[in-house]
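Fit chain B to the supplied structure of chain A, relying on the hints for placement.
Sequence lines, in order, name chains A and B. All residue numbers for the first sequence refer to UniProt numbering, where the first residue is 1 and numbers rise by one. All residue numbers for the second sequence refer to UniProt numbering, where the first residue is 1 and numbers rise by one.
In short, the hints are calculated from the structure, not lab data. Warning: the hint list may mix true and false statements.
Claimed, not checked - The calculated DSS-like cross-link candidates involving lysine-lysine, where the alpha carbons are at most 27 Å apart (straight line), are:
| id | chain 1 | residue 1 | chain 2 | residue 2 |
| --- | --- | --- | --- | --- |
| 1 | A | Lys24 | B | Lys297 |
| 2 | B | Lys24 | B | Lys93 |
| 3 | B | Lys177 | A | Lys159 |
| 4 | A | Lys159 | B | Lys297 |
| 5 | A | Lys17 | B | Lys24 |
| 6 | B | Lys167 | A | Lys160 |
| 7 | B | Lys177 | B | Lys259 |
| 8 | B | Lys94 | A | Lys24 |
| 9 | A | Lys23 | B | Lys93 |
| 10 | A | Lys134 | B | Lys177 |
| 11 | A | Lys56 | A | Lys35 |
| 12 | A | Lys17 | A | Lys56 |
| 13 | B | Lys246 | A | Lys160 |
| 14 | A | Lys159 | B | Lys246 |
| 15 | A | Lys134 | A | Lys79 |
| 16 | B | Lys259 | B | Lys167 |
| 17 | B | Lys297 | B | Lys24 |
| 18 | B | Lys299 | B | Lys24 |
| 19 | A | Lys23 | A | Lys35 |
| 20 | A | Lys17 | B | Lys246 |
| 21 | A | Lys23 | B | Lys94 |
| 22 | B | Lys51 | B | Lys259 |
In case you want the letters, here they are:
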Amino acid sequence: MQFSSSLLEQAVNEFAKLPGIGKKTALRLVLHLLKAENSAVQGFGETMIRMRNEIKFCQRCHNVADADICSICANSMRKHELICVVESLREVIAIESTQQYSGVYHVLGGIISPLDGIGPDQLNIETLVSRVRKEHTQELIFALNPNIQGDTTIYYIQKKLQDANVRITTIARGIAFGGELEYADEMTLARSITNRMPVESYRTGG
Amino acid sequence: MLRIKQISLVGFKNYEQATFRFDKRIIGICGNNGVGKTNLLDALYYLCFTKSYFARGDQANVLRGAPGFRIEGHIDNAGQNTTVVCILRENGKKEFLTDGQPYEKLSRHIGRFPCVIIAPDDIQIITGGSEERRRFLDALLSQLNPDYLQNLIDYNRVLQQRNSFLKSVAETRLTDKHLLEVYDEQLVAAGTTVFQLRRDFLQQLLPLAGSYYTGIAGAEEPLSLGYESQLLHTPLRQLLRQGLEKDLYLQRTGSGIHKDDIDIRYADEPFRARASQGQRKSLLFALKLAEYETLKKAKGWAPLLLLDDVFEKLDRQRMRNLLERVCRQDDGQLFITDTHPERIRQEMEELGVGYQLISLPADTATTDASTRDFT
Numbered sequence: 001m002q003f004s005s006s007l008l009e010q011a012v013n014e015f016a017k018l019p020g021i022g023k024k025t026a027l028r029l030v031l032h033l034l035k036a037e038n039s040a041v042q043g044f045g046e047t048m049i050r051m052r053n054e055i056k057f058c059q060r061c062h063n064v065a066d067a068d069i070c071s072i073c074a075n076s077m078r079k080h081e082l083i084c085v086v087e088s089l090r091e092v093i094a095i096e097s098t099q100q101y102s103g104v105y106h107v108l109g110g111i112i113s114p115l116d117g118i119g120p121d122q123l124n125i126e127t128l129v130s131r132v133r134k135e136h137t138q139e140l141i142f143a144l145n146p147n148i149q150g151d152t153t154i155y156y157i158q159k160k161l162q163d164a165n166v167r168i169t170t171i172a173r174g175i176a177f178g179g180e181l182e183y184a185d186e187m188t189l190a191r192s193i194t195n196r197m198p199v200e201s202y203r204t205g206g
Numbered sequence: 001m002l003r004i005k006q007i008s009l010v011g012f013k014n015y016e017q018a019t020f021r022f023d024k025r026i027i028g029i030c031g032n033n034g035v036g037k038t039n040l041l042d043a044l045y046y047l048c049f050t051k052s053y054f055a056r057g058d059q060a061n062v063l064r065g066a067p068g069f070r071i072e073g074h075i076d077n078a079g080q081n082t083t084v085v086c087i088l089r090e091n092g093k094k095e096f097l098t099d100g101q102p103y104e105k106l107s108r109h110i111g112r113f114p115c116v117i118i119a120p121d122d123i124q125i126i127t128g129g130s131e132e133r134r135r136f137l138d139a140l141l142s143q144l145n146p147d148y149l150q151n152l153i154d155y156n157r158v159l160q161q162r163n164s165f166l167k168s169v170a171e172t173r174l175t176d177k178h179l180l181e182v183y184d185e186q187l188v189a190a191g192t193t194v195f196q197l198r199r200d201f202l203q204q205l206l207p208l209a210g211s212y213y214t215g216i217a218g219a220e221e222p223l224s225l226g227y228e229s230q231l232l233h234t235p236l237r238q239l240l241r242q243g244l245e246k247d248l249y250l251q252r253t254g255s256g257i258h259k260d261d262i263d264i265r266y267a268d269e270p271f272r273a274r275a276s277q278g279q280r281k282s283l284l285f286a287l288k289l290a291e292y293e294t295l296k297k298a299k300g301w302a303p304l305l306l307l308d309d310v311f312e313k314l315d316r317q318r319m320r321n322l323l324e325r326v327c328r329q330d331d332g333q334l335f336i337t338d339t340h341p342e343r344i345r346q347e348m349e350e351l352g353v354g355y356q357l358i359s360l361p362a363d364t365a366t367t368d369a370s371t372r373d374f375t
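The shape of chain A in the complex, shown without the other chains (with noise of 0.2 Å):
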């Protein structure tokens, strides 16, 4: 791509580097802001620069918050003793969505995987062991992606937390609802036959 402004091309090269874009994208973005008003391009830049220096994670869950402590946790009307730990902010906002779920969360920044160069000292695993300690938690849901990895993360904080009386349980695996049985792969379907529930409270939804 020849640019004629040396400006026009920093800026196309700085979008090409966000995930997804493309140097046709970025140029496309570019010169929208370029068509903007000053004052609107401005905002966008200060509101860009203040999220990435005001932004604070939560000093207990992990989560991203506008104050020391996350609306999730600041909020007294959520049960407390129970803890969904998930990998990332992703997962917070997708089961908020569905707003199912009345617990808290930790957000562990990652799974284990060696490598990848992640041990489980780069993980928020240290702060969610004297967590659960600290405030008695009754059970920790695990709401990871269900790969090797996300099990050898599951079994590792269990065993952190053996002598701890918590209940430990990870969200259900198998057919997806409005699925087709016919479609689901073996090993999907020879696990929900394992792990079939009763109907009971299948019907209450738990």
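For chain B alone, kept in the frame of chain A given last:
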């Protein structure tokens, strides 16, 4: 009855664009060295295994200068037509579709179209390291049992993570015993399943291969084949616990099913040290024949057979016995490459079977190959 009817290649190895139609059960592929005979066989292998037999990594199979490749096969399986497409995209992502439906996991495809290949370098299965024999065993068992493949994949993933963790321990000097225990549990679960399946399966396969060997050799020879695994003597959990100090020192996992082997002995000496060239080839054919027969029995129809340059590099007489069996007794499809069309013609005429001969021109990139039928 399993038949590949047609294959189209775009940007694969030396093929810019080419389509081949197969209308016979036996297909000879001939042409000079370097025109792409083995590449065509490898493309057929791709349709069955979603990967190359010869190259590690998909990128190595892309035509120089091309962004990626596409292999499209039309397969007739007992009257049911399936279109199988394998695409390697520019970004290195591989897509595999049957009748337009992408697989979520490539491993689900393995075993759907069973296939046996024999290539000159396969003599490594007899003479090479234990890795070659595990590769042979894994390719066969994976086609028979998807559960085996899944456990093997899981095992290898955990093993990689564990080894990577052992390396990081050496760097940081921090041993997290809890994490090692978790990895050990995960290895034990998957590894023990793989071990049991290998043990039970080899109890059938090895005697079968032994009897084929006797048949090929024409006389009883003091050959013995056995499964060798540390797990035969000690449970994996105990092995890992005992080996922990050594693992930490060496920064890799020293025990498990990734050390398994097929022990081949001749008069109580290692076969590869004792056996002649001819005996090695006989044993290779015996193993491949046992593979072919096992797949046929399990699936209910004969697998595809891909033979790469076997007359020249391996052995004509032993080959003929195999062909005799495959062409006359079975009804499986057979692809065979050779530099000399006369040699294929002669073999097939002596066997008295109809065949199709594809002659690859010197520049296969764009020209269509000539094909002739002989009945």
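Hints versus structure:
1. A:Lys24 / B:Lys297: Between A:Lys24 and B:Lys297 the Cα gap is close to 56 Å, so the pair fails against 27 Å, i.e. violated.
2. B:Lys24 / B:Lys93: violated, 34 Å
3. B:Lys177 / A:Lys159: holds, 10 Å
4. A:Lys159 / B:Lys297: violated, 46 Å
5. A:Lys17 / B:Lys24: Violated - the C-alpha atoms of B:Lys24 and A:Lys17 are around 53 Å apart, more than 27 Å.
6. B:Lys167 / A:Lys160: holds, 22 Å
7. B:Lys177 / B:Lys259: It holds: about 24 Å lies between the C-alpha atoms, which stays within 27 Å.
8. B:Lys94 / A:Lys24: Since the Cα atoms of B:Lys94 and A:Lys24 sit roughly 25 Å apart, the hinted pair holds (cutoff 27 Å).
9. A:Lys23 / B:Lys93: holds, 20 Å
10. A:Lys134 / B:Lys177: holds, 24 Å
11. A:Lys56 / A:Lys35: violated, 33 Å
12. A:Lys17 / A:Lys56: Measuring from Cα to Cα gives roughly 24 Å; hence the hint holds.
13. B:Lys246 / A:Lys160: With a Cα-Cα distance of about 25 Å, the restraint between B:Lys246 and A:Lys160 holds, given a limit of 27 Å.
14. A:Lys159 / B:Lys246: holds, 24 Å
15. A:Lys134 / A:Lys79: Satisfied, since the Cα-Cα distance of roughly 16 Å is no more than 27 Å.
16. B:Lys259 / B:Lys167: holds, 20 Å
17. B:Lys297 / B:Lys24: holds, 23 Å
18. B:Lys299 / B:Lys24: At roughly 22 Å apart (the allowed maximum being 27 Å), B:Lys24 and B:Lys299 satisfy the hint.
19. A:Lys23 / A:Lys35: Cα-Cα ~18 Å, so holds.
20. A:Lys17 / B:Lys246: violated, 44 Å
21. A:Lys23 / B:Lys94: holds, 24 Å
22. B:Lys51 / B:Lys259: Between B:Lys51 and B:Lys259 the Cα gap is close to 24 Å, so the pair holds against 27 Å.
Figure legend: structure checked against the earlier numbered hints; hints not met, in rising order: 1, 2, 4, 5, 11 and 20.
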